[in-house]
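The hints should help you fit chain B onto chain A, whose structure is shown.
Residue numbers (this note's numbering), protein chains in the order written: chain A, 833 to 962; chain B, 713 to 848.
FYI, nobody ran anything at the bench for these hints, they're computed from the structure. Treat the hints loosely; a few may be bogus.
Stated by the list, open to error - Some chain B residues near chain A, calculated using beta-carbon distances under 7 Å:
#: 1; residue: Leu749
#: 2; residue: Ser760
#: 3; residue: Leu826
#: 4; residue: Val841
As the list claims (entries may be wrong) - Estimated spans, in silico, between C-beta atoms of each pair:
#: 5; chain 1: A; residue 1: Glu872; chain 2: B; residue 2: Met776; range: 46 to 56 Å
#: 6; chain 1: B; residue 1: Ser727; chain 2: A; residue 2: Ser947; range: 35 to 45 Å
#: 7; chain 1: A; residue 1: Glu952; chain 2: B; residue 2: Gln807; range: 36 to 46 Å
#: 8; chain 1: B; residue 1: Gly746; chain 2: A; residue 2: Gly931; range: 33 to 43 Å
#: 9; chain 1: A; residue 1: Glu924; chain 2: B; residue 2: Gly837; range: 31 to 41 Å
#: 10; chain 1: B; residue 1: Leu749; chain 2: A; residue 2: Asn937; range: 12 to 22 Å
#: 11; chain 1: B; residue 1: Gln807; chain 2: A; residue 2: Thr900; range: 18 to 28 Å
#: 12; chain 1: B; residue 1: Asn743; chain 2: A; residue 2: Met841; range: 43 to 53 Å
#: 13; chain 1: A; residue 1: Glu924; chain 2: B; residue 2: Thr803; range: 13 to 23 Å
#: 14; chain 1: A; residue 1: Leu859; chain 2: B; residue 2: Lys719; range: 34 to 44 Å
No residue lacks a Cβ here, since even glycine has one placed at the ideal position from N, Cα and C.
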Amino acid sequence: MERIPILKMGKFLLVSIQVDMHDRLALTLQDELTARIVEENAKGVLIDISALEMVDSFIGRMLANIATMARILDAETVVVGMQPEVAITMVELGLSLPGVRTALNIEKGMEILNSLLQSETQDGTEGSET
Amino acid sequence: MELKVLKRSTFPIRSEEDIVKARQIVRNWANEVGFKLVDQTKLVTATSELARNTFVHGGGGEMMLEQVEDGTRSGLRITFQDHGPGIPDVTRALQDGYSTAGGLGLGLGGAKRLVHEFSIQSEVGKGTVVIIVKWV
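Only chain B is shown next, with the shape it has when bound in the complex:
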């Protein structure tokens, strides 16, 4: 199954306002691709959690948004990248209740539950990349 990218755009995540913009852009794309309202909401919420991580924990970074197709389905793939301190223990960071910023600790694990595919790569001192995919 070859993944085809139909459209691609990159947006900065450098402020709280950028987190709001990221939500709005993902909402627009999800609507265009044909996601149902509840799935739009799930994707937008996952985006909000991950964009906040990029800004708060990663010290800012960027979001790459792609409209993808695998032959039978279309969907959105979103990549969040920062060059921050990285996460020493990714497995633990994915558990509910794990928080370093005094939050609820639902960010990573919660976002994972809201999408179809989730991957995370993090290297201490280099940064973190989170990729999510949701299919229509």
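Bound conformation, chain A alone:
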């Protein structure tokens, strides 16, 4: 079966979508990512969509669902690498990806995840001291 690989890097899961996904494949990715967050105790998910030539309402909903499910499971999601023409089209289509963090590239996305993880750890330490 066709699948999109999910890589683990420290506390984070990385996904790079390199194929033109049909709807079932998008749903499989959503399910597998959610399961892996729990299995790996992941604190962040980075999704690279720089190879995606379009985001329609179905893929937009998948991205928003992943971000929501991840948040419920105590992980943050950052979507990186959206092409400008994809962003323009999404806005006209009416998709705004509420609740989804974005960054221009993988490097910036990792910075966001790292700083979120750090601030969370600091909060945790302060909490245990008082």
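Here is chain B on its own, set in the frame of chain A:
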């Protein structure tokens, strides 16, 4: 303004894979006709929404792709046809947020915003035809 059809092809929309193929075919044609990247993306995205409607709501159907010219402009006209249950209230179906399949309800209205011309004809029990045109 007489519309001239330079090229015409018909493709089945009978599976999720066909939706992906429809996107790729429209991308190729749009590129050949000379659409800018952002307009290619808009047309491909509209195609994806409408082909999904044909498959999911219409129970499958076909997409007819035509390269057209009206004397001054060239463009693509795409017709999506199914013989499914039809849409009882087309005006409502065009509103954002209207959804019967648990989607975002952006399909029809969203696709309309991405093209220059949009028309829909639907008859309950007979099926639905959506025609879009985008000019270069």
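Hint numbers not upheld by this structure, sorted from lowest to highest = Hints 4 and 12 not satisfied by this model.
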